[in-house]
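There are 2 protein chains.
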Amino acid sequence: MTLESTENSNSIEDSTNSIKQNTMQSIGANARTASHILARSQTANKNTALLCIASHLQQQASYIVEQNDKDLSNAKAKGLDAAMLDRLSLDNTRIESMVNGLEQISKLPDPIGEISDLTFQPSGIQVGKMRVPLGVIGIIYESRPNVTADAAALCLKSGNAAVLRGGSEAIHSNLAIAECIKLGLQEADLPIDCVQVMQSTDRSLVGQMITANEYIDVIIPRGGKSLTQRIGDEASVAVIKHLDGLCHTYIDEAADIDKAIHVAYNAKARRYGICGAMETLLVHQAVATNLLPTLAKQYTEAGIELRGCKQTCALVSGAKQATVEDWGTEYLAGILSIKVVQSLDEALAHIAQHGSGHTDAIITEDLSAANRFLREVDSSSVMVNTSTQFADGFEYGLGAEIGISTNKLHVRGPVGLEGLTSQKYVVFGDGHARK
Amino acid sequence: MTLESTENSNSIEDSTNSIKQNTMQSIGANARTASHILARSQTANKNTALLCIASHLQQQASYIVEQNDKDLSNAKAKGLDAAMLDRLSLDNTRIESMVNGLEQISKLPDPIGEISDLTFQPSGIQVGKMRVPLGVIGIIYESRPNVTADAAALCLKSGNAAVLRGGSEAIHSNLAIAECIKLGLQEADLPIDCVQVMQSTDRSLVGQMITANEYIDVIIPRGGKSLTQRIGDEASVAVIKHLDGLCHTYIDEAADIDKAIHVAYNAKARRYGICGAMETLLVHQAVATNLLPTLAKQYTEAGIELRGCKQTCALVSGAKQATVEDWGTEYLAGILSIKVVQSLDEALAHIAQHGSGHTDAIITEDLSAANRFLREVDSSSVMVNTSTQFADGFEYGLGAEIGISTNKLHVRGPVGLEGLTSQKYVVFGDGHARK
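For the protein sequence lines, the chains are A and B, in the order given. If you count by the working numbering, then the first sequence holds residues 1 to 435, one letter each, in order. If you count by the working numbering, then the second sequence holds residues 1 to 435, one letter each, in order.
Just so you know, these hints were derived from the structure itself, not from any lab. Wrong hints could be hidden among the right ones.
Repeated chains share a single entry, so a pair holds when one copy, or any two copies, can fit it.
[Unchecked claim] Keeping only pairs whose Cα atoms sit at most 27 Å apart, straight-line, the calculated DSSO-like set for lysine-lysine is:
(1) Lys129 with Lys78
(2) Lys107 with Lys129
(3) Lys78 with Lys297
(4) Lys297 with Lys76
(5) Lys259 with Lys129
(6) Lys310 with Lys259
(7) Lys70 with Lys310
(8) Lys435 with Lys76
(9) Lys310 with Lys435
(10) Lys70 with Lys435
(11) Lys107 with Lys297
(12) Lys297 with Lys435
(13) Lys182 with Lys129
(14) Lys320 with Lys259
(15) Lys182 with Lys78
(16) Lys259 with Lys435
None of these values were measured; they are calculated from a predicted model.
Whole structure, please, built from the sequences with the hints as guidance.
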């Protein structure tokens, strides 16, 4: 669906569409205007806004919890499952965590306006790059209402106007948070349209957002794979997206066995449900006998189900036979598939075939093997002798994270403030003309 | 059209499609395989390939000219215009220029594998970024056969496999050049599928290329606006594109008059037909009387037609009255629109409304005005006291250029080798597990 497609419409259905379009058009036009002001606003104003929003969230905590209760009641009445209700739920601790997030983002360096690589060229002109906002960022997310504050803060600090479209199940919570954002923007003398939280939960608005090329520069979906996949398929606006996190750890023949057990255990057992959790363990045959029984015992004690290749099953009592589907499954659960490989080449081929390009690690003391793995594995994060669970914006020193990109273009891996910016060329002369 | 859409086809038409698809599928799969080998190939091999290709182009010059003659005869028979015939035509000078291009690219530093920003994090892990190829790049271009060699060289050096789809009018020339590329790749022990020049000129292949998400990572159209626009609209693969170059020069009230005349004349009169040529001159009212008559005389003597606002027409005899359309037109010809503005703000507003985000310049000695212009103009290149004609990869020190991007994401402005790469995170630990 494009904004143009129903422009000259006559039927009743079309005229309804046309009202919706006006809504998206006015939201988009307001965002665009606000983005120009925000792009040139000073760091101090942006930080003031962040701190004022934080302060309003604190002051309005009981109101937010009250509005969240409405969402929770509706969700229970609709029979949403326990995991969904947990994601939807806000209490004082979670509100405090939003407040801390805003305060942290206010302390990060402002990426906007930074000029780098400024060098003189043979013609006499001086050429460099200036970091600039992308413009307007559309965020489409599901049940977690904390995304409203987190995403608003990251967009604001990086000088981008934000159009936020949360799930209908969180609408009361989102609008309560939106009210705090609005007050904070006003106190910092920034246009309230810098952050617009959609008040309508009409599903067709998502379709309009992802095709509003005139108004929105990039869409970031935050939610399950089906949402992300659909947005990726249907959007004409550029999308920074995170699909699967099917992460591997490969224990090389030259691995230090103690390090390998320590790291491989952590990669799976620390938390199952995050995208950086290991889903498949690859073990070189030279170390499998020595290492797998011990490691498997630890996994089993942690309640992790093991599914292995034939060699694994021979070494690990209690391991089930893995099927072909297992190698391609992101469990996000207490299940691990294990494969014994004959060589580094086989490990690389397995990762190339089954991996999702998210995060993969090698455990080895062999520099050549480490270098080959680093160079040849085509994933957003490639690791040596450490846990895939480290794939995270905070752990990488970005200070904040809006998600992890599995795109190849623009930004790959954890996305912080810099991922929400672009660079333009700046050129200085002193009356220079081109020959 | 997606690759999946006719998979289970039965009719005769569908089975024809399915043969075409197999072609695109096999080209795509071969490119993907070659890209993995190329991504890990050494700099020396890539440079050897470039120099061998250059050498074969030199040796085969008369064969290439002969094949080009076939294209030219066909084009003449079809009644193509003189400009088109000129773009299509290859002679020894143009072949020598391709050869020089290849040699220059062989001398540029290899961007692949560079690790930057490697820092220790509080957890003890070390995090950095490694520059990597994008994978497979599809180039869709029109009549200029030299693009075949230029694009192949840039993709090769940046470690990307290339799928090249030139215009049907240049097919004999392109295939002759492709033969030289193939020989060069073989001599350097690189897979010949690193660069595939499409042998079929079937138009539906373009549709298949731009939706071949599984095989192609980015599409770069090189050609007229209608081709680029269509590809941008229909592609599901990411597109690095160059749309309009509606460039402005704003002469501020604090401009040095001599510099202003020198630069503004060059910005238009040096060459009309390039995307960095100025199309609209904005002049602050405080300097218009002093400056415009002299500058207009120079333009007129260079055969440039002037179309001005009311104030301009009052100052410049012979200037035609500009219409609203003029402010939005990329002439790429000997026509210039001129507007007198009351303030820097009016200039900024005019550029925001009518500009294309390509390249815009301010002429001023006032630091505050220069800073505002640099910060607020949202274009891929923003210039101070110099000619918009400098918007060019070679002038910017990139060493080579595959085009100028008017995208905001991934890469903006002139695109050299670095624009054809991405960065992945590399993480080093020594048995570190995440808390």
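These are the hints, each one checked on the structure:
no., hint, verdict
1, Lys129 with Lys78, "neither (52 Å within a copy, 46 Å between copies)"
2, Lys107 with Lys129, "both (24 Å within a copy, 24 Å between copies)"
3, Lys78 with Lys297, "neither (42 Å within a copy, 76 Å between copies)"
4, Lys297 with Lys76, "neither (40 Å within a copy, 78 Å between copies)"
5, Lys259 with Lys129, "between (43 Å within a copy, 24 Å between copies)"
6, Lys310 with Lys259, "within (25 Å within a copy, 78 Å between copies)"
7, Lys70 with Lys310, "neither (52 Å within a copy, 62 Å between copies)"
8, Lys435 with Lys76, "neither (72 Å within a copy, 34 Å between copies)"
9, Lys310 with Lys435, "neither (70 Å within a copy, 33 Å between copies)"
10, Lys70 with Lys435, "neither (69 Å within a copy, 36 Å between copies)"
11, Lys107 with Lys297, "neither (45 Å within a copy, 55 Å between copies)"
12, Lys297 with Lys435, "between (73 Å within a copy, 21 Å between copies)"
13, Lys182 with Lys129, "neither (33 Å within a copy, 37 Å between copies)"
14, Lys320 with Lys259, "within (26 Å within a copy, 79 Å between copies)"
15, Lys182 with Lys78, "neither (31 Å within a copy, 63 Å between copies)"
16, Lys259 with Lys435, "between (62 Å within a copy, 15 Å between copies)"
The structure does not agree with the numbered hints 1, 3, 4, 7, 8, 9, 10, 11, 13 and 15 stated previously, though it agrees with the rest.
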